[in-house]
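Novice: Okay, here's what each chain looks like letter by letter:
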Amino acid sequence: MLPSAAVFYFPWELNSDLQDGQSVRTCGRLVDYQPEESKATLSAQHASKEHHVIVHTMFVEPFNPIIGAQYIVLGETDGNEGIGTTVRARVLNCVDGVNVALLHKAVIEQRSFFRERERKQCDTAKSADAT
Amino acid sequence: MQTETMDAAEEPSSILWGLDPLFSAFVRLYVSDILHMTESTQVPGIYFYNQHPVYRVDVLGTVVYKREREDFFCYGVDDGTGVINCLCWKSELVKDDRPTGGEGGDAPGGFNVEAELSKLRRSQQERCRLDIGDLLRVRGTLKTSRQQREIMASNFYRVCDPLMELQISWMMDLPQLYRDCYDKKLQLDPHATSRDSPVGGASIVVRNFLEKNSVSRFRENDLKELLEPLVAPPSSQQLQQLLKQTLQHLQDEGVVYPKVKSPDQVYLVTSRDKELLVAILDVIREDSRREKYAEKGCHVLHILSAVRQRYSVNVSRAALQLLVQSLESSSDIISTSDSHYIAF
Numbered sequence: 001m002l003p004s005a006a007v008f009y010f011p012w013e014l015n016s017d018l019q020d021g022q023s024v025r026t027c028g029r030l031v032d033y034q035p036e037e038s039k040a041t042l043s044a045q046h047a048s049k050e051h052h053v054i055v056h057t058m059f060v061e062p063f064n065p066i067i068g069a070q071y072i073v074l075g076e077t078d079g080n081e082g083i084g085t086t087v088r089a090r091v092l093n094c095v096d097g098v099n100v101a102l103l104h105k106a107v108i109e110q111r112s113f114f115r116e117r118e119r120k121q122c123d124t125a126k127s128a129d130a131t
Numbered sequence: 132m133q134t135e136t137m138d139a140a141e142e143p144s145s146i147l148w149g150l151d152p153l154f155s156a157f158v159r160l161y162v163s164d165i166l167h168m169t170e171s172t173q174v175p176g177i178y179f180y181n182q183h184p185v186y187r188v189d190v191l192g193t194v195v196y197k198r199e200r201e202d203f204f205c206y207g208v209d210d211g212t213g214v215i216n217c218l219c220w221k222s223e224l225v226k227d228d229r230p231t232g233g234e235g236g237d238a239p240g241g242f243n244v245e246a247e248l249s250k251l252r253r254s255q256q257e258r259c260r261l262d263i264g265d266l267l268r269v270r271g272t273l274k275t276s277r278q279q280r281e282i283m284a285s286n287f288y289r290v291c292d293p294l295m296e297l298q299i300s301w302m303m304d305l306p307q308l309y310r311d312c313y314d315k316k317l318q319l320d321p322h323a324t325s326r327d328s329p330v331g332g333a334s335i336v337v338r339n340f341l342e343k344n345s346v347s348r349f350r351e352n353d354l355k356e357l358l359e360p361l362v363a364p365p366s367s368q369q370l371q372q373l374l375k376q377t378l379q380h381l382q383d384e385g386v387v388y389p390k391v392k393s394p395d396q397v398y399l400v401t402s403r404d405k406e407l408l409v410a411i412l413d414v415i416r417e418d419s420r421r422e423k424y425a426e427k428g429c430h431v432l433h434i435l436s437a438v439r440q441r442y443s444v445n446v447s448r449a450a451l452q453l454l455v456q457s458l459e460s461s462s463d464i465i466s467t468s469d470s471h472y473i474a475f
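For the record, the sequence lines run as chains A and B.
Each residue of the first sequence is one higher than the one before, counting from 1 in my numbering.
Each residue of the second sequence is one higher than the one before, counting from 132 in my numbering.
Calculated directly from the structure, the hints in this document are not laboratory data.
The beta carbon of each residue, even a glycine, is placed where N, CA and C say it ideally should be.
Any given hint could turn out to be false.
Straight-line C-alpha distance at most 25 angstroms; calculated DSS-like pairs for lysine-lysine [to be verified]:
#1 A/39 x A/49
#2 B/250 x B/274
#3 A/49 x A/105
#4 B/316 x A/126
#5 B/355 x A/120
#6 A/126 x B/390
#7 B/316 x B/392
#8 B/316 x B/355
#9 B/355 x B/392
#10 B/274 x B/343
#11 B/316 x A/120
#12 A/126 x A/105
Here are the in silico distance ranges between beta carbons for each label pair [to be verified]:
#13 A/1 x B/290: 21 to 27 angstroms
#14 A/112 x B/369: 30 to 36 angstroms
#15 A/21 x B/289: 36 to 42 angstroms
#16 A/19 x B/201: 46 to 52 angstroms
#17 B/278 x A/120: 46 to 52 angstroms
#18 B/278 x A/97: 54 to 60 angstroms
#19 A/112 x B/449: 33 to 39 angstroms
#20 A/4 x B/175: 42 to 48 angstroms
#21 A/78 x B/175: 38 to 44 angstroms
#22 A/78 x B/174: 42 to 48 angstroms
#23 B/175 x A/47: 48 to 54 angstroms
#24 B/173 x A/59: 42 to 48 angstroms
#25 B/449 x A/97: 58 to 64 angstroms
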């Protein structure tokens, strides 16, 4: 039984709009790790604001936590905590040194391609209906 | 899972599949597109993306699911748009359970085959044995088994990408590939007349006739009887039109040319026009002696203008090309470059 695809979201996009249990992928800088509670905090800067993502790390432990390093997390959203959206990690990889700006650019490029394609398909569907 | 088959009427004919460059390539599609491709009704195992026949794909993604059996690994690969199963067969080196690291005594010269072999085994296992979270690159054929689409890997390996450089460049490349190749319809030469078209069919009939009867010259009316059965229902206007189009097509290909333009047009069959052949050869031989062309050779357009001056102003480039190629095959001339020729 394959898990569902984890779409990339920026940390500031992980809010209560997303459904619970949705597979997501995100990245951020590790600012805090509490091994007793299996909780890590990733942070990212956007629009002069610091956005945090709480990550439950019970499935990916033990891992070598490097505070300040960039991490990529893949897992399911879990918004029951009341402290904002958390992610239950299935995959937690350290990608320290990654070109964050380039990664963001690539994600945006991919999204704009999908939007463009969807729009084209809608247009051809509409013109097919019209004829 | 998606097992929709394409409407047989919409599918391009399987004869044409080989003309599509994507058919022979490992196509880099998003996993969601791979899962949604429709299967062919003509040949099961071939899938269509935007009318392109595809059966081999190339995927880069994170391993999110792993199953190991004696002979193969089954990895679930997630590229952000979908998850697909990849069947990765184990090579003999990977299956080997012998403990790696058996470094025996050094042979004189310092090369120990056992140690090297165990190192190879270790590196092979490192590359093929993946865990959840690792990055996997898979190239293989698509198949649908038990209503699930899978990739039978012909080549797979763990990708070392600590700075995400490869993943980022993959994300940037794919939209470009889609825009340039995958989302474009296959463009066959718009000027090509296919065998199925009436003009194409008629050209073949005329060529066979000219070949069989060793015709060297003919008039338009000589072909009327030949093309009559191809026009149904019989109509002199349609016949005339087909005749004109066929002759034009044959002229464009260089098979025939009108040596002297006259009301009662006589066409010469290029391959049987010995005088034209000799004229071309003379032009090339004479010019090859001149210092200007001795080394580089004569350009085909130069030969064409010379032949037009000496022999007939109606010789087309295509007709010239045909004869120049036959001269080259018979070693009377040599090509010094793509369009330059010199006497042998």
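Novice: If a hint holds in the structure, say so; if it does not, say that too.
Specialist: Hints and how they fare:
Pair hint residue 39 of chain A plus residue 49 of chain A holds up; C-alpha atoms about 22 angstroms apart against a cutoff of 25 angstroms. A threshold of 25 angstroms between alpha carbons decides the hint, and for residue 250 of chain B with residue 274 of chain B the separation of about 34 angstroms lies outside it, so the pair is violated. Between the alpha carbons of residue 49 of chain A and residue 105 of chain A the distance comes to roughly 19 angstroms, so the proposed pair stays at or under 25 angstroms and holds. For a cut-off of 25 angstroms, the pair hint linking residue 316 of chain B to residue 126 of chain A stands: about 20 angstroms separates their Cα positions.
Restraint check for residue 355 of chain B and residue 120 of chain A: not satisfied, since their Cα atoms lie roughly 49 angstroms apart, outside the 25 angstroms limit. This hinted pair does not check out: residue 126 of chain A and residue 390 of chain B have alpha carbons roughly 55 angstroms apart, beyond 25 angstroms. Using a Cα cut-off of 25 angstroms, the hinted pair residue 316 of chain B and residue 392 of chain B is violated, with the two alpha carbons roughly 42 angstroms apart. For the suggested pair residue 316 of chain B and residue 355 of chain B, the alpha carbons sit about 38 angstroms apart, so the restraint of at most 25 angstroms is broken.
Of the supplied pair hints, the one linking residue 355 of chain B and residue 392 of chain B holds, its CA atoms being roughly 20 angstroms apart against a limit of 25 angstroms. Taking the CA atoms of residue 274 of chain B and residue 343 of chain B, the gap is about 48 angstroms. The hint is violated against a cut of 25 angstroms. A threshold of 25 angstroms between alpha carbons decides the hint, and for residue 316 of chain B with residue 120 of chain A the separation of about 14 angstroms falls inside it, so the pair holds. A distance of roughly 31 angstroms separates the Cα atoms of residue 126 of chain A and residue 105 of chain A; the hinted pair therefore is violated under the 25 angstroms criterion.
Between residue 1 of chain A and residue 290 of chain B the CB atoms are about 25 angstroms apart, so this pair conforms to the stated range of 21 to 27 angstroms. At about 52 angstroms, the beta-carbon gap between residue 112 of chain A and residue 369 of chain B misses the expected band of 30 to 36 angstroms. Here the CB-CB span from residue 21 of chain A to residue 289 of chain B is close to 29 angstroms, at odds with the stated 36 to 42 angstroms. Remark: the range hint 46 to 52 angstroms for residue 19 of chain A to residue 201 of chain B is contradicted by a beta-carbon distance near 40 angstroms.
The hinted range of 46 to 52 angstroms is not satisfied by residue 278 of chain B and residue 120 of chain A, whose Cβ atoms lie roughly 30 angstroms apart. With their beta carbons about 43 angstroms apart, residue 278 of chain B and residue 97 of chain A fall outside the hinted range of 54 to 60 angstroms. Taken as a hint, the range 33 to 39 angstroms is violated for the pair residue 112 of chain A and residue 449 of chain B, whose Cβ atoms sit roughly 46 angstroms apart. Under the hint 42 to 48 angstroms, the C-beta atoms of residue 4 of chain A and residue 175 of chain B, about 28 angstroms apart, miss the expected range.
Separation of residue 78 of chain A from residue 175 of chain B is about 42 angstroms and conforms to the stated range, judged on CB atoms against 38 to 44 angstroms. Evaluation of the 42 to 48 angstroms hint for residue 78 of chain A and residue 174 of chain B yields a pass: the beta carbon distance comes to about 46 angstroms. At about 52 angstroms, the CB distance of residue 175 of chain B to residue 47 of chain A agrees with the hint of 48 to 54 angstroms. A hinted range of 42 to 48 angstroms holds for the C-beta pair residue 173 of chain B and residue 59 of chain A, which are about 46 angstroms apart.
Remark: the range hint 58 to 64 angstroms for residue 449 of chain B to residue 97 of chain A is upheld by a beta-carbon distance near 59 angstroms.
The structure is inconsistent with the numbered hints 2, 5, 6, 7, 8, 10, 12, 14, 15, 16, 17, 18, 19 and 20, although it conforms to all the rest.
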